[in-house]
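Student: Here are the chains, one letter per residue:
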Amino acid sequence: MPSGDRTVLEVRGLRTAFQTRSGSVYAVNDVSFDVKRGELLGVVGESGSGKSVTMMSLIGLLPMPPARIEAGEVLLDGEDLLKASPARLRNVRGGEVGFVFQDPMTSLNPVFPVGFQIVEPLRRHMGLSKKAARDRAVELLELVGIPGARARLDDYPHQFSGGMRQRVMIAIALACDPKLLIADEPTTALDVTIQAQILELVHKLRDELGMAIVWITHDLGVIAQIADRVLVMYGGQVVEQAPVRPLFRDPRHPYTRALLKTIPSVTGERAAKLQVIEGQPPILGAFPTACPFRDRCPLAFERCHAQNPAREVVAEGHDVACFHPSAQGAEAVA
Amino acid sequence: MLTYTLRRLMFAVPTLFFIAAAIFFLLELAPGDPMANVPLTVPSEVREQMRQALGLGEPAHIRFVLWLKQFFWIEPLNLVDHWFGTTFAEGELRIISWQNRSPVFLTIAERIPQTLWVVGTSYLVAILIAIPIGIYSAYRQYSLFDQAGTFITMIGFSVPPFFSGVFVILIFSVYLGWFPTIYDTRLVVNDWDSFMQQVRQMILPVMVLALQITSQLSRFMRASVLDNLNQDYVRTARAKGLVERRVILVHVLRNSLLPVVTVIALYVPAIFSGAIITEQIFKVNGIGQLLITALQANDWPMVQTLSFIFAVLIVVSNLVADLLYGILDPRIRYD
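Going down the list, the sequences are from chains A and B.
The first sequence begins at 1 in the UniProt record's numbering and counts up by one.
The second sequence begins at 1 in the UniProt record's numbering and counts up by one.
Treat the hints as calculated values from the structure; they're not laboratory data.
Note that beta-carbon positions come from the ideal geometry of N, C-alpha and C, so glycine has one too.
Heads up, some of the hints might be wrong.
[To be verified] Distance windows between CB atoms, simulated: (1) A:317 x B:326: 52 to 60 Å; (2) B:143 x A:73: 26 to 34 Å; (3) A:63 x B:21: 55 to 63 Å; (4) B:151 x A:63: 23 to 31 Å.
Full structure from sequences and hints, please.
Tutor: And the structure:
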């Protein structure tokens, strides 16, 4: 992990809620984290844990209403984006922060050629002429490894395969040299070989361009492969944060441990049955006053039902939100 | 695409033949006698002679084949003669109206301009109004504008033209006296004054028709835009930092127009077939009115020819709609 570098993104106490007919849903609760230049932060958690909503909240991509950001600070190079004007946010989006979404099949506009779609942010943010923007688009397509880039500029999205479309999406996200790239499950919709290619590509681009990357996924295998540091989210909260090695070697939160157990092992003895985490993720109908994981946690005791644990540092760069003594370093029980 | 077009046109031949036959033999089965309007004092032998003169002495299938020949061979020849001053069709019997004993196509050619002016204009006006309304209602869904739009389009949908026509006549002609109640067909537009007069007499029928078409089209447009607003590519466009106007008017609009253009193209035959009720109310003697009077007078050649022309227009506009879709949507290729 390249430490000592300056912090690009700093999120403090972010809280996002959705207004629905049946009351508010608290999707993101007091989430804090930071990302440094050149660092790749992996964010894991199951569906509905608030990963995507957190990242969309950062740059105003959530429809408001029904979404509302109730508290927090989002500092991009020291500037609070939650206080920024809509016009300023538009300059940030696509200019300083690039976004790659989950499904490359639907993320590109089907009726415009990919060249048109790459050129748009270039013209908008960098004020390039038509000609210059097209040249830059060719460079970008070459950068993300699309062969015959210039000829493919006028092709439509449906003429590309899924992996190639995701490369196009990455090219769009990188178009204006962003400080931060947010990738929201970018390989989930792709098959494994294509996924490996994309992971390799992103790794290479990070080393070449040196931007910070936030990589959202529910695939721990992907995290192990590319992340420097990991944020584990559950029920709209960060439950554990650690550099990637310690997280896999010494997970502290019962949820993280359970997650790691669900990965089937290819070496050693074949497990009789795949491990699952019993129960359902919580419905966040109220602001949490107890640990969100309590109902599924094998270690839960009275305190977990009465109080929501805060994140506490247990080792260097490693913090966890759990009351159980084993989380603090005592002998693991489970 | 050319092969596709030709294939579609070839498939259209049996379809149209079937339609022509269906119309012809249905009319044959229908009650009514072309001699019904002849005074009872005319002796029956004379009546019989008149029937013979109309070609009714032959059996139905012979008359059907004769009609096909007249429609597809003699009438086009007449058109060629008319354009180039040739005499190919001389001495051949054209399709003759039983009502006024003159060629059906001459009457149609007289009536078409009225219908095109009134119905065509209202269609154009409706498209120009409906598309922006549809976009804005969808973008500001459940806003005051959208609610008001929903209310007004529901009225436009549900109030029939025989009511709204009379209603606007009452307000704008009777009380306010702004526009004439009756469409003057004899008006010749040759200078500014007569043009303004033409505009004034068109306003009421156009208003009534446009209300109806706008209601339908704007609902359709709204639904189409709503479908697209939730698509992933819209989020991508916003994530690129594009201004909202560009997100909507470039990215969303182009996609939302695809189904709407098809609907617009499919509606085109209605411009030619006219608006039967509206034409009646405002005394526009267009095609719709021609069809109604022909039906009332048992003028089967006229009804047969008009119905068949509508059928051809419907088949052609279906093809045009499909081809347009192929041009606008890069994902669709007809090879």
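Student: Now tell me, hint by hint, if it's right for this structure.
Tutor: Outcome of the hint check:
1. A:317 x B:326: 52 to 60 Å: 57 Å, holds
2. B:143 x A:73: 26 to 34 Å: This hint holds: roughly 32 Å between Cβ atoms.
3. A:63 x B:21: 55 to 63 Å: 56 Å, holds
4. B:151 x A:63: 23 to 31 Å: Holds, at about 25 Å.
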